[in-house]
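Student: Residue strings, one per chain:
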Amino acid sequence: MNIKKIVQHDEKSIYGVGFLSLSGFVVWDIDAKTGHINSRDVITHHQELSMNDLIVTESSVISLDRDGKNIVWISLNQQVLQIASIERHIPDGKGRPHLMEEHAGNIFVLKFKNQISLVNLGSSNVPELIQSLQDHSIVSLGIALPGGDKHALSVIQQVSEDKINVHIFMEEGDKIKVSSELVGSDIQRGFVKKAYLNAYTRNDRSHGFRVLVVAEDSSLSLLQQGEMVWNREDGLASIIEASTAELPLEKEGVSVARVEHSLLEWLKGHWLKLKTALMVASVEEAAAVQALRLKSTDKTKMSRDHNGFRKLLVVLTKTGKLYTLHTGDGRIVWSSFISGFRRSGGKLTMLKLLPWQVPHKHAMHENPVFLVAAKVASEENKFGLLAWVDAYSGMEINSVRLTYFIEQIIPLPLTDGAEQRLHIIIDDHANAHLFPATDESLQIFLEHAQSTYFYMTDKEKGTITGFAVKGPQTASPLSPSDGVLFRSQQLWTIMFPSDTERIVTTATRRVDEVVHTQAKILTNQDVLYKYLNKNTLFVATIAPSGAEAFGETSPEENWLVVYIIDTITGRILYRLKHSGMCGPVHAVFSENWIVYHYFNVRAHRFEYSVIEMYDRNRIDNKNMLQFMLGKDNATATLSSYSHVDLDVKTQSYFFSHSIKALTVTSTARGITGKQILVGSVGDQILALDKRFFDPRRTAEPTQAEKEDGIIPLTDAIPILPQFYLSHAYRVEGLRGIITVPAGLESTSLVFAYGVDLFYTHTAPSRIYDSLTGEFNYALLLITIFALLIAIIISWILSERKELKEKWK
Amino acid sequence: MDKGKGGARRWAIEFSETASSRDVPDPPGFLRSSLDLDEAVSGRQKKDTDTSWKQQKAWEVAQAPFKNLLMMGFMMWMAGNTVHLFSIGITISALWQPISALQSVGKVFEPFQDARTDTLLPKICFICLNIAGLLLGLWKLNSLGLLPTHVSDWVSSLPPAPMAEFSGGGIPFK
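Sequences listed follow chains A and B, in order. Residues in the first sequence are numbered from 1 upward in steps of one, following the numbering used here. Residues in the second sequence are numbered from 1001 upward in steps of one, following the numbering used here.
Read the hints as simulated data drawn from the structure, not as lab findings. Please read these numbers as outputs of a predicted model, since none were measured by experiment. Don't take every hint at face value.
[Said to hold, decoys possible] If you want a taste of the chain B side facing chain A, the calculated C-beta under 8 Å gives, among others:
hint, residue
1, L1085
2, S1152
3, P1159
4, A1161
5, F1166
All C-beta atoms in this analysis are idealised placements derived from N, C-alpha and C, irrespective of residue type, glycine included.
Modelling step: build the complete structure from the supplied sequences, incorporating the hints.
Tutor: Below, the structure written as structure tokens:
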């Protein structure tokens, strides 16, 4: 016997209601002021009751019997059990009904398989059906109306994808008043998930209602009097993947900006601007000037920028909706569900968003296309889903349901004739499927198939396995929906001893990263060759005791081991053990260096470490004549199977923050220096210059080293307020940061997402390739003018002097 | 009165036997024959001193760059090894002076050009010293690090080498 529901009846008593054995109610009457138990009543029924259905309304305790055929209730004062047959009062309900938790006053809701029915159990002691609603319906919690003891309940009925019917049931004496309004929405929001009711009194003492609706795409809307008063796109708070697309090129003849229509408007605009400059404008005039400025600004145009700053941000959220934001002002250009996914049934999980087609040659006619991968899981097994979405309009071009589950999607560095990027999808049997499954892409891939490898990391088992792609299945036909099947062969396995090491983080270089030079030149004209092997993997493992709980182990039981592994041959290129360190470990891998962040248990501080790899094999290339004549082999193709001789430099520094995200800026040509972008635990973004993470730092650098830009070594990385990229803002609930190269070499675009979204530019080496807005044109003009005058004056003077000399 | 040769002497009066001097009788004690003899001798002597003097002058001009060389060397040593305005200016002037001097070799040796004087050797000496000056300037340029004489200058423009194999992958989706 336990109390299931507690309700405050009035100021004097609290009722606690529960089940007694299988077929009885027990009602405890507790005094509200003193807590004494006034009475305990037990009422039994001759049949078993349904344990899951119990609600306590204003005046009665209602439950159903075990088979769901009858409503059983007792009224709180009288303790008399009453039964009513469901079928008699609600004839068209199918299936076994359940009592819903939501109730208001004496109204309660029964949920059938095909409908929901609202029943009023008033003073007449006979349940009467108010209304039955088909379709997908959501019931809001009941509320008490202000200024009275009347109650109301609302039900949102989804009539179609974009129309909902709002029904409000209000107690009016003994009767129930029903009002319904139909509300439409122009954007697909999916089904309604939750509804909340709110009431207000109008001037004429009648009640008005507002309903706050949470839809399937996590957006909030307020519905009042038949229309949507406001809505918030809170689906953007659950972004899992983000990518960018270029805006369309500006078409000739089509003006993307609005031209001023008449001379009068132009004059008026300038007059207002002059007035604001002289500070004599009124408030409305200042607002008008601001509106004019916003209209004529270039930031929000829907065409490509010369500097590559205007882009489209395509984001995939957990709810399955794709949004596209314009980087100029952050507005939503389009947002849509992927209808192919929603039709598939089962539990849907979004996995990845990848750029599929980026048109360069036919940029005027073709739009970029994105590939979205998802997983649909039913009870027995799971399948993968793929959809292709046009980035400019949001239309779904195609969607397929695969016959296997997607374990990984690997974009290849190959594109076919239509500029679609080839991808291989690895399924759970380690087979590779090639997409797009056309003859042309098959031809292109077969040329490179023998040098295509992939690896799988299993965190639970602690293994990394490398596979090579074998030839295609000759017998199977090209099935466009499943891709071309390629078998794979296991080449190598690295097993980490699970009693001492547990994999915690892996990191690889970005696929689209551009490195400018392969040599690093020191001030004494010495050359260090970077080890630029694209197929390296960084793995960080920690001691199992450190993996489980923080703070329960001593520094002797904690260690962090990092490996650098070549993923083609499985060779461990470098291994380093830090004792007394534990996770969580964040790592970023770029060019030939890795920066990783972990916790030092012994010193009880966070730490950063940097590893830089240099290739000693190529130091033989010291013959200058060869270089001058172009006969060097420094740009010959490298292979992972050749002899490896690494020169690895490492260093560690303390850091004061815990971090949430770690990434590095990226630029179009890789010439600019890099900044490490850190999402701190205080939800702010820090931009730390890479020069702080230079393993050649020493406490007292020589003159040559200082010229190189080496900062003197200190034990901690300093955090100056100027390093905060997010200025005074906090990106609430920061989860991830992505960086995108802009068209200008000096700038990188940064987008951070979490509950809030944040977008900015950063220039790690300051803007060296364009004149910024702060350039002092006035000073330049004044200087030129002054110099011209000085030239003229001195010319005249010198002529006069010469003449005087000649006359002497 | 004829003007002197090469314009070195503007006013030069050549005393030679003219018709007018026959009419006037010679002063007592004046012997005409000895005068002719003396004149011829002094003229030749003058010519000899002229040529040797010219030769000397030519050699002096040929050796003038040597002093310039020493001065330039000293100033370059003062300028130091760093790339500053002063050091760049000195280096450029050290390179420009020999070049302009080499271009104007003919003009410099023109006043000494004579059938008698041999200007070839001084010219060669002049040219050699100027080339030495040029080499000094180039060496200074090299020590400033502006000449591509190290491997690093040629290798810094090389793009990264492509990889023969491609591999992808990571942590699989669950």
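Student: Which hints from the list above does the structure break, by number from lowest to highest?
Tutor: 1
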